[in-house]
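**Student:** Note that the protein sequences, when read in sequence, are chains X and S. Numbered per this note's numbering, the first sequence spans residues 80 to 180. Numbered per this note's numbering, the second sequence spans residues 892 to 1373.
In short, the hints are calculated from the structure, not lab data. Treat the hints with care, since some could be wrong.
Here are the simulated lysine-lysine pairs, PhoX-like style, with alpha carbons at most 20 Å apart [what the hints assert, rightly or not]:
hint : chain 1 : residue 1 : chain 2 : residue 2
1    : S       : Lys-1308  : S       : Lys-1119
2    : S       : Lys-1050  : S       : Lys-1035
3    : X       : Lys-99    : X       : Lys-137
4    : X       : Lys-153   : S       : Lys-1309
5    : S       : Lys-1119  : X       : Lys-137
6    : S       : Lys-1209  : S       : Lys-1119
7    : S       : Lys-1035  : X       : Lys-153
8    : S       : Lys-1361  : S       : Lys-1261
9    : S       : Lys-1366  : S       : Lys-1119
Coverage of chain X stretches by chain S, computed from C-beta distances (three or more under 8 Å per stretch; other residues unrestricted) [said to hold, decoys possible]:
hint : stretch
10   : 102-110
11   : 160-166
Idealized CB from N, CA, C, for every residue including glycine.
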Amino acid sequence: MNTLAGTVTGQSPRVKRTFKSEGPDVESLLVAFLSELVYYQEQENLAFDAFEIQLSDKQISVNMEGTQIISADKAIKAVTYHNLRVEETMRGVETVLVFDV
Amino acid sequence: MNIENLIQISETEWEIPTYTRHDMRVPVRLFVTRELLEQIMNDKSLDQAVNATTLPGLVGSVIVMPDMHQGYGFPIGGIAATEYPHGVISPGAIGYDINCGVRLLASSIEFESARAEMDTLATVLNKYCPSGVGKQGTIQVSLKELDHVLQEGSRWAFKNGYATQADLARTEEAGSLEGADPDMVSERAKVRGREQIGSLGAGNHFIEVDVVDEIFDERAANIMGLYKGCLTVQIHCGSRGLGHQVCTDYVHQFQSAVLKYGIVLPDRELVCAPMDSPEGRAYMGAMRAAANFAFANRQLLAYSARRAFEEVFANKMKNWHLHQVYDITHNMGKLETHAVNGKQIKVCVHRKGATRAFGPGSPGLPPEYKKIGQPVIIPGSMGTASWVLVGTQASMTRSFGSCCHGAGRVMSRSQAKKEVRGDVLRQELEARGIKVRAGSLPGLAEEAPSAYKDVDMVVETVSEAGIAKKVARLKPVAVIKG
């Protein structure tokens, strides 16, 4: 997401945030989590690069760390459910997501 | 979807019948020419229109306009009416930018007498009207004050000296939707919105100074105060981060609601809830609050545009004032009464990238517009013409009182950036006498005219179909973009 937005961040100070959400499935938890990142990007000018994620079928809990954004090529305004897909593959878990920009 | 799946009804009207796919509840009715239909078929928007026909409680047909293009879940340029109160409301069929819309202001300033000032005017408009992603607005309000904005919309702006009574009268719903419930808007949405009120944003949002290039209906133009050769201003924006957050919040919540109500849909972005359910009522209250925020936002931008005109023209001419022609929304769900199968019924008309286009005599219009029909403002792509139309009786009976909203994309933003260079485009526009102030050159490239359909062709289609009537064509002379 940071790469897509062309986000450049500073080195310090490091900030920590936590996030918890519930939803009917992993897809909705993923969208809720990424929507949280959109909020921090727009409102607090923060981008995160270190995550500790606890995930079950219907709950997600994240401790994350990041820093202030110095510049970004593009802002992501929202994370959509359009054509959303989360799949287990040989390489791990892959997802198709459409962002509103 | 192939063109063979469609039934041609006339030169400008087509239908996708319900037997096309097993889960369709109603047909799709398209207002397009064959040429535009062929362009539309380059993306997935027709499949999206068919997906939209699966929403529970639909009446009539899902309607699509000639500026249709692919959206998230529901196509842009689409209209769907669900029966009140048991039919559903779908946030995705209204869009993330709730009450994105256009305001048109007009003046009696002759372009020829103001031509030398256009560069200064563009600079001053850019100074007074903040633009760009996440940019702060002209004012900042406390969370408590924001609740008043969400409740009252343009009426809040009037109470605080940013609007005139005439502005309110010439705004859809007088700029203040009944039933807005600020308590149904999350704190997160409020935090996103409170610093952005009075700002333009980015993407396809803009302020444009135009000249009335041609009049097609003298009487209607006179009533609106549009005079050939004179300057006008269009303001295109919506509810900023607040609206996006409201949509995000409710699309997430409705993922569970569809399971609760046993609603099966082909695209999760179409999630919905019955209007008479707690979830449906909550979204309607929040959506109306976000819509009121957008009305107030455009009102503040109009106030800023007037300040800019005053600064540039007040000491040079007597009549420099900007009066409001109309303010329309093109992303909204509205409770309206329409005739379906010969019976008047109350429905929620979802318009996503579609403009309300009420005909003469319709309720809710100011007295002067009851005579001619509601003004419909159709901004073109950057550098091309824009149009002012009026709604007709035919739009009331054939398209739930709706019309197109713009040119409509034919190219994705990323494709446009690959094919067009922002600096070259700016030079081209400047060479054609259009002053450009853009926060971002890649952002400018995304909005290149070649990324859009021909707006004149779109307008000819709705005009020929009879769902709107041409009043005036506007030609751009200055563009301010985020």
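**Student:** For each hint, tell me whether it holds in the structure or not.
**Tutor:** The hints, checked one at a time:
no.: 1; hint: S:Lys-1308 x S:Lys-1119; result: violated (35 Å)
no.: 2; hint: S:Lys-1050 x S:Lys-1035; result: holds (16 Å)
no.: 3; hint: X:Lys-99 x X:Lys-137; result: holds (11 Å)
no.: 4; hint: X:Lys-153 x S:Lys-1309; result: holds (15 Å)
no.: 5; hint: S:Lys-1119 x X:Lys-137; result: violated (61 Å)
no.: 6; hint: S:Lys-1209 x S:Lys-1119; result: holds (19 Å)
no.: 7; hint: S:Lys-1035 x X:Lys-153; result: violated (31 Å)
no.: 8; hint: S:Lys-1361 x S:Lys-1261; result: holds (16 Å)
no.: 9; hint: S:Lys-1366 x S:Lys-1119; result: holds (11 Å)
no.: 10; hint: 102-110; result: holds (count 6)
no.: 11; hint: 160-166; result: holds (count 4)
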